[in-house]
Structure formats: C-alpha cells, structure tokens
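Protein chains in written order, with this note's numbering: chain A, 1 to 217; chain B, 1001 to 1077.
Honestly, the hints are just simulated from the structure, not real lab data. Please note that the accuracy of each hint is not assured.
List time: in silico DSSO-like cross-link candidates among lysine-lysine, alpha-carbon distance up to 27 Å [said to hold, decoys possible]: (1) B:LYS1050 <-> B:LYS1007; (2) B:LYS1047 <-> A:LYS142; (3) A:LYS142 <-> B:LYS1007; (4) B:LYS1007 <-> B:LYS1063; (5) B:LYS1038 <-> B:LYS1063; (6) A:LYS142 <-> B:LYS1063; (7) A:LYS166 <-> B:LYS1007; (8) B:LYS1063 <-> B:LYS1050; (9) B:LYS1038 <-> B:LYS1050; (10) B:LYS1007 <-> B:LYS1038; (11) A:LYS166 <-> A:LYS142; (12) B:LYS1047 <-> B:LYS1007.
What follows is each chain in one-letter form.
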Amino acid sequence: MQGIIDLHHDIFFFLILILVFVSRILVRALWHFHYQKNPIPQRIVHGTTIEILRTIFPSIIPMFIAIPSFALLYSMDEVVVDPAITIKAIGHQWYRTYEYSDYNSSDEQSLTFDSYTIPEDDLELGQSRLLEVDNRVVVPAKTHLRILVTSADVPHSWAVPSLGVKCDAVPGRLNQISISVQREGVYYGEGSLTYGFQAWREAKGLDFTYDQISGQQ
Amino acid sequence: MADIDLKTAPADFRFPTTNQTRHCFTRYIEFHRCIAAKGEESGDCEKFAKYYRSLCPGEWVDKWNEQRESGNFPGPL
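Okay, chain A solo, but in the shape it has when bound:
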C-alpha cells in the first residue's frame, strides 16, 4: 500500500506540472487574443526547434511515470519473506467463509467461520451500511500474511481498498495476496460481483490488533 501511495505522489507531481503548463499557455493565448490589444494575430506556421522540443518532451514524461509504475507492479508480485499466517477467504453467494488452518492436527478445520454483511435493519447507530459484518477476520498487525482467495460458486472479488489489495475469487483457483498491516484498527473491504443480474456489494471487515492471537489487546 505504501508503494501505491508513493507512486501516486510521483505521478501527481507530473500531473500538476502538465496542468500548470497547459493552463498557462491556454489562458495566455486567450488573454492576448483581443481585437483591440492585438488586432493582427501573428501567423506562424513553422518553428523547427519548438516542434522538436514539443515532441520529445511529452514522450519523456510518460517514461518518468512508467519506470516507478512498472517497478511497483513487478515488485508487488514478489514474495520476499515467508508469510507467518495463511488465511483462506472463500466467497459464496452472498457471504464469505474464512478459514484459519495453520494449526490443524487432522483434516477437519480448526477455525472456520462465515461472515455475513449486517443488513440495514439490524445496524446500530454509527455503523457503516453495507460494510459491517457479523464476524470479522482478526489478524495480527505487523505480520506477513498470505491470503488465499477462492470461491465456492460464482466468481467474486475480495478487496480491501485501505490496504491496497483486490483479488478475484474464482471457483477452482486459489489466488494469493501478501499483506502486511502496519497499523492496528478495523479495515473495511468490499466485494464487487462479476456474475449475476444484481450488483451486490459484499462486505468484509478485518480487525487488526497487535498481539490479538495471544489474547492481549
């Protein structure tokens, strides 16, 4: 997520540069195009130097944007550190199942639960509509997590925008996301549905608390 924020700062710098430059030229041209102040508009049709510059310069700017962008794109795929915890997020119609099976002693699941979005009628004051869930996913902060996303029925999507992650949940396929959350708190996510005639926004609430596993707050 920090990489995404840094890339945004990089690109935004060039955006502002271009915005200011183009607006200045536009405003200046309009300002001087006055029938009394400048009755004879100049007709310039050639200008080799400026034409070369205005071709080369705009092709260099996207290069400055592309380099950090591709660097981030490929670095996001690399898993440098072994994850400490694996959580499986399985999409159903229309709820999520989360499995924590790192400590199973046999094939039955040790920790599985379903997570439903709280319907509007049951919301308490202050809770977010379509984002609150009955059972949140609790994970330790400052730990490398591996989230494996799949689906049991139709394609879903699992996303937590404040962590900069989105991953498609496809039946029969296990997609991996690496996350490391630096700050404790509650993070909300949404699922965007790609199948079905109604657009449902599924909600995922994730709770990150330091040392949650040991029971200390």
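Assemble chain B onto chain A, guided by the hints.
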C-alpha cells in the same frame, strides 16, 4: 507479551505467481506419496500434512479424500 512462533506453509519457489492452485494440489499429493512410501504412522509426513492443510480449502480436501477413497482421484498418488 508472549512470543508466539507463527508458522505456515512457506513460499514455494516452484510456484512464484499469484495462482497457488497447483501449490496446494502438489502439497496434497506429496503428503500422500510420502505416506505411500513411508507408511501411515511415519512422522516425517507430518510436515507435508501441515502444508496442504494450510493452503487448501477444506472443501477441496474433503472432495479429494472422497475421490481417493472411491479410487477416482485425478492425480499421480
């Protein structure tokens, strides 16, 4: 604050990409081949068991167990 040792299936260099379906399937097969080679009670295979349980959704494991029992499992056991 207790120091808890968190361990899960490590990142496998054979499966570096986002799609980990084959990783889960391979670990499951490795476990059963280990059992076939070393015997049911051998403790050496426990490592593979932990890995496939961490990675594979419970439904998939149940389905594969059923397929194995009925002799339908589509993999090189």
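Verification of the hints:
no.	hint	verdict
1	B:LYS1050 <-> B:LYS1007	holds (10 Å)
2	B:LYS1047 <-> A:LYS142	holds (26 Å)
3	A:LYS142 <-> B:LYS1007	holds (15 Å)
4	B:LYS1007 <-> B:LYS1063	holds (26 Å)
5	B:LYS1038 <-> B:LYS1063	holds (24 Å)
6	A:LYS142 <-> B:LYS1063	violated (35 Å)
7	A:LYS166 <-> B:LYS1007	holds (25 Å)
8	B:LYS1063 <-> B:LYS1050	holds (18 Å)
9	B:LYS1038 <-> B:LYS1050	holds (17 Å)
10	B:LYS1007 <-> B:LYS1038	holds (25 Å)
11	A:LYS166 <-> A:LYS142	holds (20 Å)
12	B:LYS1047 <-> B:LYS1007	holds (11 Å)
Consistency note: the structure conflicts with earlier hint 6 alone.
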